[in-house]
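Heads up: the sequence lines are chains U and E, in that order.
For the first sequence, the residue numbers in full-length UniProt numbering are 1 to 196.
For the second sequence, the residue numbers in full-length UniProt numbering are 1 to 196.
These aren't lab readings, by the way, just hints derived from the structure by calculation.
Hints are supplied without guarantee of correctness; some may be wrong.
Since the list gives no way to pick one copy over another, a pair counts as held whenever it fits inside one copy or between any two copies.
[Stated by the list, open to error] Cut-off 25 Å, straight-line C-alpha distance, at most; resulting in silico cross-link-like pairs (SDA-like, lysine to any residue):
#, residue 1, residue 2
1, Lys164, Pro16
2, Lys99, Asp76
3, Lys118, Asp73
4, Lys99, Gln24
5, Lys159, Asp68
6, Lys3, Thr85
7, Lys118, Asp72
8, Lys159, Gln24
9, Lys21, Asp34
10, Lys99, Gly19
Quick caveat: nothing in here was measured; it's all calculated off a predicted structure.
There are 2 protein chains.
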Amino acid sequence: MSKSLDFLTEALRRLPGIGPKSAQRMAFHLLQHDREGAAMLSRALYQAVDTVHHCAMCNTFADTEICDMCADDARDHAMLCIVETPADQMMIEQTLTYKGLYFVLMGRLSPLDGIGPKDLHLDKLIARAADGVVGEVVLATNFTNEGEATAHYISEMLKARGLKVSRLARGVPVGGELEYVDAGTIARAMLDRRSA
Amino acid sequence: MSKSLDFLTEALRRLPGIGPKSAQRMAFHLLQHDREGAAMLSRALYQAVDTVHHCAMCNTFADTEICDMCADDARDHAMLCIVETPADQMMIEQTLTYKGLYFVLMGRLSPLDGIGPKDLHLDKLIARAADGVVGEVVLATNFTNEGEATAHYISEMLKARGLKVSRLARGVPVGGELEYVDAGTIARAMLDRRSA
Ligand SMILES: [Zn+2]
Ligand SMILES: [Zn+2]
Numbered sequence: 001m002s003k004s005l006d007f008l009t010e011a012l013r014r015l016p017g018i019g020p021k022s023a024q025r026m027a028f029h030l031l032q033h034d035r036e037g038a039a040m041l042s043r044a045l046y047q048a049v050d051t052v053h054h055c056a057m058c059n060t061f062a063d064t065e066i067c068d069m070c071a072d073d074a075r076d077h078a079m080l081c082i083v084e085t086p087a088d089q090m091m092i093e094q095t096l097t098y099k100g101l102y103f104v105l106m107g108r109l110s111p112l113d114g115i116g117p118k119d120l121h122l123d124k125l126i127a128r129a130a131d132g133v134v135g136e137v138v139l140a141t142n143f144t145n146e147g148e149a150t151a152h153y154i155s156e157m158l159k160a161r162g163l164k165v166s167r168l169a170r171g172v173p174v175g176g177e178l179e180y181v182d183a184g185t186i187a188r189a190m191l192d193r194r195s196a
Numbered sequence: 001m002s003k004s005l006d007f008l009t010e011a012l013r014r015l016p017g018i019g020p021k022s023a024q025r026m027a028f029h030l031l032q033h034d035r036e037g038a039a040m041l042s043r044a045l046y047q048a049v050d051t052v053h054h055c056a057m058c059n060t061f062a063d064t065e066i067c068d069m070c071a072d073d074a075r076d077h078a079m080l081c082i083v084e085t086p087a088d089q090m091m092i093e094q095t096l097t098y099k100g101l102y103f104v105l106m107g108r109l110s111p112l113d114g115i116g117p118k119d120l121h122l123d124k125l126i127a128r129a130a131d132g133v134v135g136e137v138v139l140a141t142n143f144t145n146e147g148e149a150t151a152h153y154i155s156e157m158l159k160a161r162g163l164k165v166s167r168l169a170r171g172v173p174v175g176g177e178l179e180y181v182d183a184g185t186i187a188r189a190m191l192d193r194r195s196a
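Can you make the complete structure from the sequences, with help from the hints?
Spelled out as structure tokens, the structure:
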């Protein structure tokens, strides 16, 4: 029928979790009922690809070289909390129990998926944690098998360099992913963090 | 963190069936693992909004004024099959049982959603069916309550203009075992039984 429509349906399948039927339904919906939304999404994608990169300090997504949080002098630069994703970082921020800075791994060690220490840019983390200002590193990776293994690996790596390392307390249910745990549980785990 | 990322997450929510968590997951995935896919989707959306409109004859999505199928002299221009969506049209094409043309309603009558005859552009359908070439109109709207009501409305409308109108047969699906077919379908199949 329409090559442009076929191209759009094909492109929508690049979104995670979207199969052929869903992609077709989305394409029809946008063209029939929400062309303004389609144009907006087109611009948003272009702009994001063009401007979003990784903060030079904390590795999270940012529009500037150093993100707003890392540039904020009101935060405690002696504390560095390590999380897997920006979503986890947001969850911890919502608990209002932590005023330090973050390092966002953008993943976790996962040998089965071929993700090793090099893929996580742990060299960037080491350089960051060894800046002479950071006094304590709080490991807040998920309490899944992979998150625990990642925490253990990073803990050994940083302790070998003389850094104080702690881990969120096990208030977080074993197997739980931070993104889906309530803020109260995370708050208690932050307060009860233990040395790792 | 990143205004561009927030804008992208917000824009992804314009897609049908995508909530805040899914939108965030999609945005992270695209920026972390598939920027090429994100750029491709941006272009596809822009191109589709720019070029896709409705075929002047059949009302389906097309890049040209008249779509390829309506312009195809090898098809039977005396038959006009009426469907709700382009997806329904594709399903019928896959059966290889129909060689006529189509009219795509791009919806159905749905008083509860405020979709009346004017919203479906039935004036365009009347003009199309009364071109003097169309000899039979086949109603292939869905066999839902709304699809049936739509078929009934269109049928009355076209028959009043002297056109021959038919409806896809209802009955037990091919391969269907009576034990697992709902009673309403069996009842209709019994009433519509044909000589064998
Ligand atoms: Zn940062
Ligand atoms: Zn057409």
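Cross-check of the supplied hints:
no.	hint	in the structure
1	Lys164 <-> Pro16	neither (38 Å within a copy, 47 Å between copies)
2	Lys99 <-> Asp76	within (6 Å within a copy, 72 Å between copies)
3	Lys118 <-> Asp73	neither (31 Å within a copy, 61 Å between copies)
4	Lys99 <-> Gln24	between (45 Å within a copy, 24 Å between copies)
5	Lys159 <-> Asp68	neither (29 Å within a copy, 68 Å between copies)
6	Lys3 <-> Thr85	between (37 Å within a copy, 17 Å between copies)
7	Lys118 <-> Asp72	neither (29 Å within a copy, 57 Å between copies)
8	Lys159 <-> Gln24	neither (52 Å within a copy, 34 Å between copies)
9	Lys21 <-> Asp34	both (18 Å within a copy, 21 Å between copies)
10	Lys99 <-> Gly19	neither (41 Å within a copy, 29 Å between copies)
Comparing the model with each earlier hint shows violations of hints 1, 3, 5, 7, 8, 10; every other hint is respected.
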